[in-house]
Amino acid sequence: MAPILEIQNLYKNYGPVEILKDINIAIEPGDFLVLVGPSGCGKSTLLNCIAGLEPITSGKLMIDGTDMTDVSPKDRDIAMVFQSYALYPTMTVAKNITFGMKVRGVDQATQARKLDEVATQLQIEQLLHRRPGQLSGGQRQRVAMGRALVRDPKLFLFDEPLSNLDAKLRVEMRSEIKKLHQTLGATMVYVTHDQIEAMTLATKIVVLKGGVIQQIGTPAEIYNKPANLFVADFMGSPAMNLIPAKARAGGTGAQIEIARGTGAPLVLTDQNAPSLPEDVILGLRPEDIAEAGFRAGVGVQQASCLVDMVEPAGADTYVVSELGGKQVTARLHAETVATPGEMLDLSIDMSKVSYFAPETGQRLN
Amino acid sequence: MTDLAYPSAKKSDAFGKIVLRWLLYFLLGIFALYYLMPLFVMVTTSLKSLEEIRTGSLVALPREVTFDAWRTAWSGACTGIQCEGLRPYFWNSVMLAVPAVMISTFIGALNGYVVAQWRFPGANIIFSLMLFGCFIPFQVVLLPMARLLGMMGIAGTIPGLIFVHVIYGIGFTTLFFRNYYVSIPSELTKAAKVDGAGFFRIFWSIFLPLSLPIIVVTVIWQFTQIWNDFLFGVSFSQAGTQPVTVALNNIVNSTTGVKEYNVDMAAAIIAAAPTLLVYIVAGKYFIRGLTAGSVKG
Ligand SMILES: Nc1ncnc2c1ncn2[C@@H]1O[C@H](COP(=O)(O)OP(=O)(O)O)[C@@H](O)[C@H]1O
Ligand SMILES: [Mg+2]
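In order, the protein sequences belong to chains B and E. The first sequence begins at -4 in the numbering used here and counts up one residue at a time. The second sequence begins at 11 in the numbering used here and counts up one residue at a time.
Hint data in this document are derived by calculation from the structure and do not stem from the laboratory. Take the hints with a grain of salt, since some may be wrong.
Said to hold, decoys possible - Straight-line alpha carbon distances no greater than 30 Å define the calculated DSS-like cross-link-like pairs of lysine-lysine that follow:
id, chain 1, residue 1, chain 2, residue 2
1, B, Lys109, B, Lys149
2, E, Lys294, B, Lys163
3, E, Lys203, B, Lys173
4, B, Lys55, B, Lys69
Unchecked claim - Chain E regions said to be covered by chain B (calculated; three or more residues, Cβ under 8 Å):
id, stretch
5, 104 to 111
6, 283 to 293
The structure presented is a predicted model; accordingly, all values stated were derived computationally and were not measured. Even for Gly, the Cβ is constructed at its ideal location relative to N, Cα and C.
Input sequences plus hints: build the corresponding full structure.
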C-alpha cells in the first residue's frame, strides 16, 4: 500500500533556529502514529507542518502521494483537534461542528444529517445548543472531536487532546479515541508528551527530542529495544534501570560486572551478548528483575541484593536497591515481603537486557 | 480582667473604623462637590435670565427658570455674521463624528486582527510605527495635512475632516484591537483555517463577534476624541463645515456688547452633551472592556 503520509528530509526553522531536523516518516492507511517527546521538542511544530499551518523550510511532505508544499490547510483533507480545543467561543456547539461544512458550501440537509451522526456517535446531542463557555472540559473535548470527525478526512491530527483533562477522564477518553480509531479505520497522527498514552494508542511511535527523531517503531520495539539512552529513559514507567557496568569477554558470552556499595561486585553472564566495549550501560526494565525462582530461561541469573527501599503500589511492589551507583528498581509481586536493610534474592533476566555506549548513548545490541 | 478588657478594645477599634469611614466619605464628598461645582454653575446660569445673572450671585439657584438661553444657543446665537445658533454645526459634528468613528474603528479592528493573528515578517515594526503615530503632536501634521487635503480636493469639507480623523485615529484603534486580539489563542485561527475559512471569513465569523467589549471602548474613545477636537476642526474647515466645538468658540468670542453668559453656558452644555451621553450609556462597558480580556477559547 502507498503511504498516506510521507515526510522526507523535512527541516523547519524559525528564523535562525532549527526546530526540526531531517525528519523522515511514512505511515500506511489505518496507522495510528504517535509523536512523543518532552515538551518543546517540536511535536506541535511538526503537526502544524503536516496540517499546512506552518510552512516547511526544506524537504518534502506528501499526503496520499501528492506533494503538499503549495497546498493550503483546507485542501489537505485533514482534520485537527487542538490542545486548547480552539472551539469558536461565540458559536453554539452545533455551529462549531458545522462551521467547516458551512464555509465549504455544503447544503443544509447534509449538514444536519452529519451533525446528527456525529452528535450521536459522541453522545453530545443534548449539548448542541450550548456555547463552549457553558461546557466542562470533557464536553469541550468531545465537541472538538466532533468538529474533526464530521470532516471524515484522510488524516486526523491530534495535538495533545487529553492534556487538559483530569487523570480519570483522560484514561476514559484515551480508550474512546482508541475505539474510534478501530471502528473508523482512520489514519491518525497524535501528539503527546505522555509516554503511557503513546504506548496504549499507537500502532507506530516516533520519539522526538530536540527536533531530531530518536527512534521509530511499534510500541513493543520502542519498549523492548530502545535505540538510545534517551528513549530508554523516556519510555516506560517506572523508567528502565540504566546501570553503569564493565564488560569482559568470557568463556560463554560476556561477563558483566556491576559495582556494589558494599562487598564484591555483582557478576552476570550474558551468553548472547554482542562484542561489547569495556564500559557499558546496562538497561534493564523493572519487570525483568523478579523474585528468585519466579523466572526461568537461559538468561535468568540469580543475584542477592541489599534492599534500600520498598514501595508497595497496589498491584506491584517496587523494591529499590543500589547497583553500580544507581537506584535500581525491581517490579515484584504485591505479596512479596521485603525489608529495607536486608538482603533479597532476585533473578535477573539477561535475555531482555539492553546495552548502551556511555559516550554516545547508542544501543549496542 | 482580660475578659473584660478584650471587648472594650474591640469596641474602640470599631469606633475608630467608623470615624475613618466618615472621614473618607467627607473627603470624597468634598472632591465630588469640587468637581460638580462648575457643572452646577453652568446649568443654573444657563437657566437664568441675563437680568438675574447681573444682579444675583453666581452660585445661587435661578429665581425664575427660563429656557430662552437654550433656545438662543441652539438656533439663534451669532457665530460671527450668521446667527443660526449651534444647530447647523451640531449636525456637522454628527455627520463628521459618526462616519469617522465607524471607519476608524473598523480599520482598527482589521489592523489589530492582522497584527495580532497573522504574524507576517515585519508585523512588529509596522505595529511600532502605528503606535508612534499615536504620539505625534497634532500641530506637526497640520501643514502637511492641509496640503494633502488640498491635493485630494477635499480641503474645507466634512469628508476632508473625516479623512483626517480616521488617519489620526487608526493608531489608537489598532492598538486597542491588537491588545485585545493577542490574548485570543492562535489555535482558534488555526482551527478555522483547517475548517476552510479564509482571512475575512475568520474575521467576520470568529473575531468580530468576540469583540463587543473592545468595540465599545474604541467607539467611546474615538467619539470623545473626534467630537471634542478643536484644532483639526478649526484648521481644516471653512464657513458652513465647522464642527460644534469651533462654533461654540465663535459664539463665546464673537458676542459684541453685553456678554450673554446664559447663552454661552447653554451652548457649552449642548456641545458637551453627546460625549457625556455616550459615556453614561456605554460607560459600564467601557470599564469592563478595558479590564476584561477576551473570552477563553
Ligand atoms: N512561532 C514560533 N516562533 C519561534 N519559535 C517557535 C514558534 N513556535 C514554536 N517555537 C519553538 O519551537 C520549539 C518547539 O515548539 P513546539 O513544537 O510547540 O513544541 P512541543 O509541541 O513539542 O511542546 C520550542 O522551542 C518553541 O519555543
Ligand atoms: Mg505542543
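Hint by hint, here is what the structure shows:
1. Lys109(B) with Lys149(B): With a Cα-Cα distance of about 17 Å, the restraint between lysine 109(B) and lysine 149(B) holds, given a limit of 30 Å.
2. Lys294(E) with Lys163(B): Roughly 42 Å between the alpha carbons, so the hint for lysine 294(E) and lysine 163(B) is violated.
3. Lys203(E) with Lys173(B): The hint holds at about 26 Å.
4. Lys55(B) with Lys69(B): OK: lysine 55(B) and lysine 69(B) at ~19 Å, within 30 Å.
5. 104 to 111: Violated, because only 0 residues of the stretch 104 to 111 of chain E bring their Cβ atoms closer than 8 Å to Cβ atoms of chain B.
6. 283 to 293: Three-residue rule not met by the stretch 283 to 293 of chain E, so violated; n is 0.
Checked against the numbered hints given earlier, this structure breaks hints 2, 5 and 6; the rest are met.
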